Each structure stands twice: as structure tokens, then as C-alpha cells.
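Engineer: Protein sequences appear in the order of chains S and F.
Going by the numbering used here, the first sequence opens with residue 1, and the numbers climb by one from there.
Going by the numbering used here, the second sequence opens with residue 1001, and the numbers climb by one from there.
These are calculated hints, taken from the structure and not from any lab test.
Be aware that one or more of the hints could be misleading.
To be verified - Just so you have them, the derived chain S footprint on chain F, three or more residues with Cβ under 8 Å:
{"#": "1", "region": "1023-1037"}
{"#": "2", "region": "1094-1103"}
{"#": "3", "region": "1140-1148"}
{"#": "4", "region": "1179-1186"}
{"#": "5", "region": "1246-1258"}
{"#": "6", "region": "1270-1283"}
{"#": "7", "region": "1296-1306"}
As the list claims (entries may be wrong) - List of simulated lysine to aspartate or glutamate pairs, EDC-like, C-alpha gap at most 16 Å:
{"#": "8", "chain 1": "S", "residue 1": "Lys227", "chain 2": "F", "residue 2": "Glu1286"}
{"#": "9", "chain 1": "S", "residue 1": "Lys152", "chain 2": "F", "residue 2": "Glu1183"}
{"#": "10", "chain 1": "F", "residue 1": "Lys1313", "chain 2": "F", "residue 2": "Glu1218"}
What the hints assert, rightly or not - Derived DEER-like restraints, expressed as beta-carbon distance ranges:
{"#": "11", "chain 1": "F", "residue 1": "Glu1161", "chain 2": "S", "residue 2": "Thr24", "range": "45 to 51 Å"}
{"#": "12", "chain 1": "S", "residue 1": "Thr14", "chain 2": "F", "residue 2": "Pro1125", "range": "33 to 39 Å"}
{"#": "13", "chain 1": "F", "residue 1": "Glu1033", "chain 2": "S", "residue 2": "Glu244", "range": "47 to 53 Å"}
{"#": "14", "chain 1": "S", "residue 1": "Thr14", "chain 2": "F", "residue 2": "Asp1300", "range": "27 to 33 Å"}
{"#": "15", "chain 1": "S", "residue 1": "Asp209", "chain 2": "F", "residue 2": "Asp1063", "range": "37 to 43 Å"}
{"#": "16", "chain 1": "F", "residue 1": "Pro1240", "chain 2": "S", "residue 2": "Lys227", "range": "54 to 60 Å"}
{"#": "17", "chain 1": "S", "residue 1": "Lys104", "chain 2": "F", "residue 2": "Leu1168", "range": "41 to 47 Å"}
The structure presented is a predicted model; accordingly, all values stated were derived computationally and were not measured.
For every residue, glycine included, the Cβ atom is placed at its ideal position computed from N, Cα and C.
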Amino acid sequence: MKILVCISHVPDTTSKINFTNNDTEFDKNGVQFVINPYDEFCLTRAMWFKEKQGASVTVVNVGGAETETTLRKALAIGADDAIRINTDPTDGFLVAKELAAVVKNGNYDLVLAGKESADYNGQMVPGMLAALVDYNFVNGCVEMDVDGTNVKAKREIDGGAEVVSTSLPLVIGGQKGLVEEKDLRIPNMRGIMMARKKPLQVLEAIGNDAATAIASFEKPIPKGAVKLVDADNLDALIDLLHNEAKVI
Amino acid sequence: MSVLVFADSTDGKFKKTAFEVVSYGKKVADQLESNLVVLTINAADASELYTYGAEKVLTVSNDRLSTFNAKEYAAVIVQAANKENATVVIVDSSINVLYLTPLVAVGLEAGYASNTVAAPTSISPFTVKRKAFSNKAFSNTVISADKKVIGLAKNSFGIHENPVAGTLEVFDAEVVASGVKSESIERVTGKVTIADADTVVSAGRGLKGPENWAMIEELAEVLGAATACSKPVSDLGWRPHGEHVGQTGKPVASNLYIAIGISGAIQHLAGINASKVKVVINTDPEAPFFKAADYGVVGDAFEVIPKLIEKLKAFKAA
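With the rest of the complex left out, here is chain F (with noise of 0.2 Å):
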């Protein structure tokens, strides 16, 4: 019996979520009395995962699985979950992972709760505490199938370091073919993607017009953060779709999310609500974002920003 925790990695290179999700793992396999095997794909360096309590490793190098594909990437999960005769698979909740979890549980057989927050409150009923109705609500899931797979939520867990002494095990998973090819992949280069983002920086109607994103471009770039926008700006063209964020956009997980310009309407607020810290800026002291925000600045965009920015360089550079 075994916990098998999947930490994925871009290019070689882990995220910050690798290593939530090995901490996360390692709570598990200790409640469990299992133990702890952690599989990577490709990873430049797997003993970086040691730190976090990844007492096995298995080691998976194959150029064939140098691009992401879901139906391949499962496969290889679930081959490394029959080998070690996991109980418990442990994922992340990154757009590919997303994507992957689903095949996986059903090789698996398993039961499987995305969205999870926390540590299991039960481990017999096995029971998992998740986010439900956009964030508006938890639910208390019990995973009642043998074979249990948790994703974990962004930035719930935390990182925490285990040390151990761990060991590498090189993993030959069989390849399987799949019926979807990757043609070409875009990515905005130089820029904090939301995903990845510590801090995000959102604004919305409240800036008039599309030429006045270049203060929210300049203070994003002082506190070294993403770029994000309310659902009318993006159904305006002001900004592009990938910065649609609130409840049929992307999700915002971050430490620190500043809305500006942003009133803060239900369904942009269930989208933003699991950042830690939320700060509103905005001239109508009765916009509903200063009763979910724990800082607010009631004021003009066009003034406070510009002001802010100053500020903030000085206070980087102090």
C-alpha cells in the first residue's frame, strides 16, 4: 500500500504546486501509515522533491512524453499506481492535470474529489472537505471506492518541508498511443501567467477605455505580478479572453489579488474568492467588493494608481 503523488513539471522544472502537492502527499501517507512515492515526468531534477518528504521517487525520462498529452501522461499514472499498489493518487489542479485526472481515475477505478482544500478530516469514511458552487460553498465528500484520487486546490495546502533521505527509482512506463497530436503551442513569454501568479492585478470597467491599461501593466510589473480583467472588459475586446478571470473564467488562487475599477459582482467574486488576501480600489464606496475585500481604498483609479505605483518602487527599493 502506497500513497503515489504526481509532481508535475514545465520543461523540466517544477512549480510551486509540486511541491504543495508532495507536502500535501506526505500529510497523507503519514495519516494512512503508508508510504510516500512521488512521480515525476521528465524532471531535470527530482531530488529537489526530497525536501518535502518524498521518500520514494520514480523517475520517468522518455522523449516521446516531451509534450504534454493527457491520454499519454495518465497512462504512465496509472501504470506507476499499479506498480506500487497505490491506494491514493495525489494531483495538482493545473490546466493539463486537470485535463489528465479524469483518465486516470477511471483506469484506476477510483473515486475521485477535485477541488479539494485539506487534509482528509476522516480517513475511515475516507472524507475530503472541497470547494462547491464557485467557491460560494464547501462540501464535506466521502470517497466510499477503494481507489481514491485527490486533486488538490491551488494554494490550499501550503508547502511545508519534510526532509527525508530519499531515493530515485528510473520508472520505464510503456507509452500509449492517442488519437490527439499537438500542433503548436503559444505562450505569452516574459509574463507571470494567473496560474502561476503570487499577485494579481485586475482591473475592470472602471478604466474608461483600453489606452489606460498601461498603469495597470506598470504596477503588476513593480510588484511582479499577473495581468487580469473583469468579464465585461474581455466581452468588450478592452482586454484579450486569457485574462477573463471570475466564475466562467479562470480561476484566481493568489496570495494577493487588487482589484481596480472592479464593483465586484457575485460571479467575479466566486472566481477570486480562494486568493488570500484581496485588496479594492474604486470611486463607489457601495461596490460590493469592499464587503469581500480586506483592504480597500475608496478613491480614483486615475490618481491612486499612479500614486500607488510611486510608492511601491520606493518601497522595493528601500
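For reference, chain S alone in the conformation it holds in the complex (with noise of 0.2 Å):
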């Protein structure tokens, strides 16, 4: 099985967010990047097939140099090879664009992909790539299982889960639940010394039609200092909950 794992390089979630250039742009500046916790459960998982099921597994990125040290993490966890593809990725359908040239030159049978970055939170990504390349497609996958071509899996719903049956080719919106938080990987010594020597290949971008720029960013309003009531005098919390706030 040939598994591709798409790999979005962002700040930490405990990064505190600012803006420069006139609030334009997203400040880097003293953030921590790590691989996407979405696509953290993916290349997981896809290491569990490599183990278990035998599969090759290529991680890749849409970004600049800068990104190469996340794929270098994923590379250090165990993947076989990397591929950036060099460019900004602003919108999620110039990204899907990009994903899908790779997928349709390497053949995956599947392609794993966090079902949103910590980022931009667009959960559009997956979805697009799978169209654009029209390959079967499950998101919000929190198990899943391949035997021969045949696929099973879980997705989240409203309140529940549903079981699904497709199969591969299959593009997998994963998250929380294709592993357990306490299987994810801390690379080793070994794993990044073997990084370092592991094939990492740069493509120039086929296109840059995007659909959507950002032209600025603004952080909430802060909000009023907290009303305290005393925990002996419940009955103020019910009124303000219900006069004030208009919630109960």
C-alpha cells in the first residue's frame, strides 16, 4: 500500500497569536512550528500500516523552507520520504490544487490528511483534494481499517458515530481516535539521525490560482473582567444568568 500523509506546519497550539504588517500578515516571531495535531494522528496511523500491514509512507507539505524542519519531524517518526511543494499556501483550494498533482503522479492508494489544521481551521483541504483527484473520501475518521482494497470505517457524527464500508483509492479526513494521544511518536536519536539521509524532494508549484486571499486579520474585543458571586449566594448567579445574560 502507498500511503500518502499531507503535513500542514503550524504554530504550537499554546503559540499566543499577533499580527504584523498593519495586521496583514501572521507574526512568527517567537512561535514554536509543529506538525499539525490532525495530521500528528495520521502519520500515526500510517506508521501503524507501514508496521503492521506493509506500506510506504511519503509525507508532504505545501510551503516554504521554512516548513522542511516539520517534514524532517516526520520524516524522524518514520516516514520513508518528503515532498514541499514550494509555495504560500493562502487558500485551501490552491493547496488541494497542489495535493492532487502529487497524488495523481505517485498513485497512493491512501492519502491521510488532518481533517483541519490549527491554523486556519478551513476543514476544506481533505475534502477538495479527494474530489479533484476523485478518489472515495470518509471525514472526520476516528478508526478505520484496510484488508486488500476494502476499507471500514468510523466517522464522527452529530451525537454518535456511523460506520461506513468504501474503499481504496481513499482519502482518510482524520483525527483524534485513528490513535490514542498516548501512541503518538516523540522522534528518537536514531529516527533523526536516519532523517537527515531520508530523500527530501522539492517541486515547484503547478499553479497559483487561489479562490480566497486574506486581506487582514483582527483579534477579538477583550472582553469585561469577570463577575465573581460568592459560592454562598447562588441564587445572584441564577438572576444574573437570567436577567442579565438571558441564558437560563
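Fit chain to chain and form the complex, with the hints in mind.
Structural biologist: Right under this line is the structure:
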């Protein structure tokens, strides 16, 4: 099985979010970048397939040279090779089109991508990619098993879960559940050493036709101070929620 | 030219988000001086949507669409958009709709802005405000493509009545083949889901163990609320994964969010920030949640919650 894992290079989830250049750019100053947490579940599941069922695992990212540290980390975790498409990932459709070219060219059986990235949270790339390459697609996937070309997958729905049957070739929009948090891997020294020698191919973008563009950013209006209610006077809390906030 | 809204339904019934996206569609259609068309699939009573400004409602009734399938539903929406010459398509942000919308955007070669929180701030260039960085910021996004798809974040625009004398039109859409088949659906019945809940009662490690959740469930029941939990609690296996809310868990956009024994890590706050009113109950007055909350009680959950339940019962009975 040929597996492609799509990796986003995102600010660590504890990062302070600030903007620069007149609020038109994300301020990367002092920000630690990591593998998108949703993609990390996908990568770990891909490693499971590699070890238990036999598979090659390629990781791909759309971004500038600074994202190679994140791809190297994925290689250190155990991916076989990496591809970086050298363009700024400004729009979901643009990213999906670049990835579609890689998928078509590499004839991958299974494409795993986090259902969203922790920076722009667009939740669009996996589905767009599946539609562009005409692969089957399961989003919000929390479990999956592959038997030959048959796939059983479980996806989250509002208030429960749905089990679906499908087949390769397939795109998965993944999240926690594909593997558990405790199964996520931290690269060890041997992995890091080996990752340096693994191939990382840089491809130029096939196009640059973004369908959307971010004109500016803004931060939420700071909220007022919390109103504290005495633990012995909960009637006051009920009164505030009923008469002031009007939520009960 | 028209604005097409997809009003999703479950077992034939609309949820509040359907009324919210129709209200939003009406606003956008007015801004563009365009017609509003609303698409429904197997809805029991589509005329309910007239109240929110749906002048024309396309009704698709087809047993082959009785179970949700992203590819099949997306193809119906694309056909409706093409038939109505829609330049803007508007959808909600439920799990199912988030699944199908990227397929619609590709089908229409459209620019897609998900997580939109307000009416367009400009129609030329077409600009919408969207959540980004896990609710820690907003982006003002210009959709430059000729066709535009807007995913409206839940509970962001609100439901606005705008009654019209609408018309229903039966739409005989073609059902495409999908390589994904539903085998089984398990849904918790008789419980409010986090996605639908107006109120969410959430608890964290401060509860000390899974055996102490009875009072959380009772509080939720009194309030007609859904129960949720912090990430450590789901990682410890005290509560099911489906209850984990926060940046890598489920997002919450309820009217009222009550956090009990949750310190308020930045990742947790990011996931629940879209809630309108936040209440924190915690023994530690230095817990970061107090900076994010509207109302706070410094106190021991084991003392405060039973008392709060009694008082709420009395309040509800009054």
C-alpha cells in the first residue's frame, strides 16, 4: 500500500497569536511550529499500517523552505520520504490542487490528512483533494481498517458515530481516534539521524490560482472582567444568568 | 443570479442552524439585490422556511437520499446551484455539512470561506469575516472566484424572522454513485448533543474521578444541557472521547457554557470561545478560566454543584 500523509506546519497550540505588517500577516516571531496535531494522528496511523500490514509512507507539505523542519520531524517519526511543494499555502483550494498533482503523479492508494489545520481551521483540503482526484472520501474519521482494497471506517457524527464501508483509493480526513493520544510518537535520536539521510524532494507549484485571499486579521475585542459570585449566594448567579445574560 | 442556501434536516426535521442559514441567506441576497432560493432534501415541511425569508424553496424527495452521503448530497447541491444560476451558496457548519461542502466548492469551481461569522462586510470585493487560529483571531477573507461558497459558523448570525409568501418547487435531482456506503449509525438517544445544545455543562479533573459525574449529569438535566469534558478527562478515560471539547476536540458554540473544575488551558478556551456566556466554578481563583469567563464562582464543586442544582430546580419550578 502506498500511503501519502499531508502535513501542515502550524504554530504550537499554546502559541500567542499576533499579527504584523498592519495586521495583514501572522507574526511568526517567537512562535514554535509543529506538525499539525490532526495530521500527527494520521501520520501515526500510517506508521501502524507500515509496521503491521506493510506500506510505504510519503509525507507532503505545501509551504516555504522554513517548513522543512516539520517534514524532517515526520521523517524522524518514521516516514520514508518527503515532498515539499514550494509555494505559500494561502488558500485551501490552491493547496488541494497542488496536493492533487502529487497524488495523481504518485498513484497513492491511501491519502491521510488531518480534517483541519490548527492555524486556519478551514476543514476543506481533504474533501477538495478527494473531489479533484476522484477518490473515495471519509471525513472526521476516528477508526479505520484496511483489508486488501476494502476499507471499514468509523466517522464522528453529531451525537454519535457512523460506520461506513468503502475502498481504496481513498482520502481520509483524520482526527483523534485514528490512534490514541498516548500512541503518538516522539522522534528518538536514531530516527532523527536517519531522517537527515532520507529523501526530501522539492517541487515547484503547478499553478497559483487562489480562490480566496486574506486581506487582514483582527483579534477578538477584549472582554470585560469576570463577575464573581459568592459560593454562598448562588441565587445571585441564577439571577444574573436569567436577567442579565438571559441564557436560562 | 441567485443566492442558494442549503437547509439541512435530520429525519425530515430542521434544526435551528437551518433557520440561521436561511436568515443569513436572506441578508446576503438583499445585499446583492438577488433572489434567495433554499434547497431542502427530504424535509417534512419545507414551508417552515418562509418565516425566515425563503422566497423559493426547492424540495428534493428521494428515498435514495434518506441516509446522508457527502458525495450524493454535494452533487444535489451543485445541480441546484447550476439550475438556479447561483453565484453564492450558503451552508451551515454541522459535521455532515462540513464533510460535503469542499466537494461542492470543487464541483462549482468556487472560492470557499468556512467558519464565517457575519454578513459580508463588502460585496465588491466580496469580503467575509471568519474565525481563524482556533477562535483566537478572525480573518477578513476576500473570495475572488466568480462563485462563492460560505460556511456559516453556528450561532454567529442568529435567527431573524422575515416572513414571505414563499413557493415550493419540486426538484428532481439526479443521484450520483458514491463509493462510500453507510453500514450502521449509533447515536446516543434521549440526550442533548453538544452540537445542538443551547447550554453545555463541562467538567474537568477537578471532579477527581469518573464516579463523581452524577452531579454533572443532574445539573445538565436540570438545564436541558449537553455534558462535556476537558481533554485530560477524556485522555484518562473518565468520560467518552465524544465529550471532549477544546481545540482538538469538539468545538462549542452554545449560548451558555458552564465549566466546572476546569482550569482553562489555552487549548480548552480556544475550543469553547465561540460560546456566548461562560461561567466558571473552580476552587482556584488564579485559574486562567476566570480571565475568559463572564461569571465565576470560587468554590468547591462538591459543595457548589449540589446547591446550584437545588436552587435551579426551585427556579425552574417557580
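Engineer: Taking the numbered hints from earlier one at a time, note which ones the structure violates and give those numbers from smallest to largest.
Structural biologist: 1, 11, 13 and 16
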